[in-house]
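2 protein chains.
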Amino acid sequence: MKYCSDCGAPVSLRIPPGDNLPRYVCERCQAIHYQNPKLVVGCIPERGDEILLCRRAINPRYGLWTLPAGFMENGETTAEAAAREAMEEANANVAIGSLFSLFNLPHINQVYLIFHGQLLNADYAPGTESLEVALFHEANIPWDELAFPAIQRTLRYYYQDRRNGTLSLHLGDITSSAPSPGK
Amino acid sequence: MKYCSDCGAPVSLRIPPGDNLPRYVCERCQAIHYQNPKLVVGCIPERGDEILLCRRAINPRYGLWTLPAGFMENGETTAEAAAREAMEEANANVAIGSLFSLFNLPHINQVYLIFHGQLLNADYAPGTESLEVALFHEANIPWDELAFPAIQRTLRYYYQDRRNGTLSLHLGDITSSAPSPGK
Numbered sequence: 001m002k003y004c005s006d007c008g009a010p011v012s013l014r015i016p017p018g019d020n021l022p023r024y025v026c027e028r029c030q031a032i033h034y035q036n037p038k039l040v041v042g043c044i045p046e047r048g049d050e051i052l053l054c055r056r057a058i059n060p061r062y063g064l065w066t067l068p069a070g071f072m073e074n075g076e077t078t079a080e081a082a083a084r085e086a087m088e089e090a091n092a093n094v095a096i097g098s099l100f101s102l103f104n105l106p107h108i109n110q111v112y113l114i115f116h117g118q119l120l121n122a123d124y125a126p127g128t129e130s131l132e133v134a135l136f137h138e139a140n141i142p143w144d145e146l147a148f149p150a151i152q153r154t155l156r157y158y159y160q161d162r163r164n165g166t167l168s169l170h171l172g173d174i175t176s177s178a179p180s181p182g183k
Numbered sequence: 001m002k003y004c005s006d007c008g009a010p011v012s013l014r015i016p017p018g019d020n021l022p023r024y025v026c027e028r029c030q031a032i033h034y035q036n037p038k039l040v041v042g043c044i045p046e047r048g049d050e051i052l053l054c055r056r057a058i059n060p061r062y063g064l065w066t067l068p069a070g071f072m073e074n075g076e077t078t079a080e081a082a083a084r085e086a087m088e089e090a091n092a093n094v095a096i097g098s099l100f101s102l103f104n105l106p107h108i109n110q111v112y113l114i115f116h117g118q119l120l121n122a123d124y125a126p127g128t129e130s131l132e133v134a135l136f137h138e139a140n141i142p143w144d145e146l147a148f149p150a151i152q153r154t155l156r157y158y159y160q161d162r163r164n165g166t167l168s169l170h171l172g173d174i175t176s177s178a179p180s181p182g183k
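As you go down the protein sequences, you meet chains U and C in turn. Residues in the first sequence are numbered from 1 upward in steps of one, following the working numbering. Residues in the second sequence are numbered from 1 upward in steps of one, following the working numbering.
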């Protein structure tokens with residue numbers, strides 16, 4: 001941020017009176033421009049023993065596989081965001097269930113929320129941000145071609161829970177963008 | 001938003017190519033300025049059978065009671081944000097536990113996350129944003145003087161869970177800023 005979005009004057013990065021963190025402050029109109037983490041919301045679309053993954057047609061991580069997920073928009077709920085992303089990325093009708101995982105990515109100011117989801121029919125197809133979408137059994141999950149560490153961690157916990165017959169909420173922190181090795 | 005925060009030129013509200021929602025777009029440098037929901041993160045600080053509430057010294061809802069909670073900052077995790085808010089608002093050392101509630105407030109573009117917390121000692125005191133801080137038994141909770149619907153709903157679920165001997169994650173939507181009536 002270089003200019004005030006309220007009045008167009010240059011901003012400075014400084015600690016406002018009564019605050020304890022540097023903020024972008026307008027030197028003309030004194031507006032304080034806070035910057036906060038963004039929510040990335042998605043789901044694990046289940047159909048029987050399979051789940052739906054999308055192969056990315058956009059950067060970052062073009063060509064790698066991911067769960068349908070993306071930035072939450074103003075005016076929607078987290079469940080609405082998760083359903084919308086499944087529709088946008090995979091033309092998939094998904095009934096969003098309980099929250100499965102929350103991952104903090106403080107180095108990139110993101111919080112991932114991934115929900116359980118039930119794929120309501122087989123009429124899925126790649127959206128404009130996907131090269132292909134496909135159902136996968138656990139044995140065929142492309143572990144070495146997953147796009148993001150938060151997705152890899154989510155899927156690991158998911159299959160661990162399925163094996164254990166438990167379904168719990170998973171909280172965790174991811175402090176590097178490097179994918180962790182293999183399965 | 002009226003001006004581009006990258007170059008200072010006026011912005012227009014329009015749907016960029018390939019998008020489906022109106023965004024603030026710079027007519028000079030073409031930057032697209034997305035706006036997304038903010039996370040409000042807090043905790044229920046427990047000490048024995050009591051919980052710690054703060055009486056607000058700031059607007060909105062000056063003089064009303066709330067759990068320590070506030071906007072998550074860049075560079076921190078949700079648990080760090082919850083612990084920081086307890087320290088800022090109540091000078092309270094709290095060990096943050098599991099996630100207790102997630103409330104969507106789509107009309108004001110917020111998502112509340114409230115965690116369980118253990119108050120580690122009795123050295124609490126009002127921070128600059130609190131008039132007073134105090135421990136409350138369930139019988140003394142000021143139900144009609146709670147600041148926010150999300151806090152009221154969280155505390156209702158909390159005592160319901162305690163009575164039932166269960167502790168589950170509560171998800172919900174709050175679509176109005178009006179406090180719901182009484183207890």
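Hint data in this document are derived by calculation from the structure and do not stem from the laboratory. You may find that some hints are simply not true.
Stated by the list, open to error - List time: in silico BS3-like cross-link candidates among lysine-lysine, alpha-carbon distance up to 30 angstroms:
id : chain 1 : residue 1 : chain 2 : residue 2
1  : C       : Lys38     : U       : Lys2
2  : U       : Lys38     : C       : Lys38
3  : C       : Lys2      : U       : Lys38
4  : C       : Lys2      : U       : Lys2
5  : C       : Lys38     : C       : Lys2
6  : U       : Lys2      : U       : Lys38
Claimed, not checked - Quick partial rundown of chain C residues pointing at chain U, CB under 8 angstroms, derived from the structure:
id : residue
7  : Met1
8  : Ile15
9  : Leu21
10 : Arg23
11 : Val25
12 : Ile32
13 : Asn36
14 : Gly70
15 : Asn109
16 : Leu167
17 : His170
Said to hold, decoys possible - Distance ranges between label pairs, derived from CB positions:
id : chain 1 : residue 1 : chain 2 : residue 2 : range
18 : C       : Ala139    : U       : Glu27     : 45 to 55 angstroms
19 : C       : Asp49     : U       : Gln160    : 30 to 40 angstroms
20 : U       : Ala139    : C       : Ala125    : 31 to 41 angstroms
21 : C       : Asp6      : U       : Glu132    : 14 to 24 angstroms
22 : C       : Ala134    : U       : Glu132    : 56 to 66 angstroms
23 : U       : Asp161    : C       : Cys29     : 39 to 49 angstroms
24 : U       : Gln118    : C       : Tyr62     : 17 to 27 angstroms
25 : U       : Gln118    : C       : Asp161    : 40 to 50 angstroms
26 : U       : Asn164    : C       : Asp161    : 19 to 29 angstroms
27 : C       : Ala139    : U       : Trp143    : 49 to 59 angstroms
28 : C       : Arg156    : U       : Ala139    : 37 to 47 angstroms
29 : C       : Tyr62     : U       : His137    : 54 to 64 angstroms
Every residue gets a Cβ at the ideal spot worked out from N, C-alpha and C, and that includes glycine.
Going through the hints against the structure:
{"no.": "1", "hint": "Lys38(C) - Lys2(U)", "verdict": "22 angstroms, holds"}
{"no.": "2", "hint": "Lys38(U) - Lys38(C)", "verdict": "7 angstroms, holds"}
{"no.": "3", "hint": "Lys2(C) - Lys38(U)", "verdict": "22 angstroms, holds"}
{"no.": "4", "hint": "Lys2(C) - Lys2(U)", "verdict": "14 angstroms, holds"}
{"no.": "5", "hint": "Lys38(C) - Lys2(C)", "verdict": "20 angstroms, holds"}
{"no.": "6", "hint": "Lys2(U) - Lys38(U)", "verdict": "20 angstroms, holds"}
{"no.": "7", "hint": "Met1", "verdict": "4 angstroms, holds"}
{"no.": "8", "hint": "Ile15", "verdict": "13 angstroms, violated"}
{"no.": "9", "hint": "Leu21", "verdict": "7 angstroms, holds"}
{"no.": "10", "hint": "Arg23", "verdict": "10 angstroms, violated"}
{"no.": "11", "hint": "Val25", "verdict": "13 angstroms, violated"}
{"no.": "12", "hint": "Ile32", "verdict": "12 angstroms, violated"}
{"no.": "13", "hint": "Asn36", "verdict": "5 angstroms, holds"}
{"no.": "14", "hint": "Gly70", "verdict": "11 angstroms, violated"}
{"no.": "15", "hint": "Asn109", "verdict": "4 angstroms, holds"}
{"no.": "16", "hint": "Leu167", "verdict": "11 angstroms, violated"}
{"no.": "17", "hint": "His170", "verdict": "10 angstroms, violated"}
{"no.": "18", "hint": "Ala139(C) - Glu27(U): 45 to 55 angstroms", "verdict": "52 angstroms, holds"}
{"no.": "19", "hint": "Asp49(C) - Gln160(U): 30 to 40 angstroms", "verdict": "36 angstroms, holds"}
{"no.": "20", "hint": "Ala139(U) - Ala125(C): 31 to 41 angstroms", "verdict": "57 angstroms, violated"}
{"no.": "21", "hint": "Asp6(C) - Glu132(U): 14 to 24 angstroms", "verdict": "35 angstroms, violated"}
{"no.": "22", "hint": "Ala134(C) - Glu132(U): 56 to 66 angstroms", "verdict": "58 angstroms, holds"}
{"no.": "23", "hint": "Asp161(U) - Cys29(C): 39 to 49 angstroms", "verdict": "47 angstroms, holds"}
{"no.": "24", "hint": "Gln118(U) - Tyr62(C): 17 to 27 angstroms", "verdict": "45 angstroms, violated"}
{"no.": "25", "hint": "Gln118(U) - Asp161(C): 40 to 50 angstroms", "verdict": "26 angstroms, violated"}
{"no.": "26", "hint": "Asn164(U) - Asp161(C): 19 to 29 angstroms", "verdict": "24 angstroms, holds"}
{"no.": "27", "hint": "Ala139(C) - Trp143(U): 49 to 59 angstroms", "verdict": "53 angstroms, holds"}
{"no.": "28", "hint": "Arg156(C) - Ala139(U): 37 to 47 angstroms", "verdict": "45 angstroms, holds"}
{"no.": "29", "hint": "Tyr62(C) - His137(U): 54 to 64 angstroms", "verdict": "57 angstroms, holds"}
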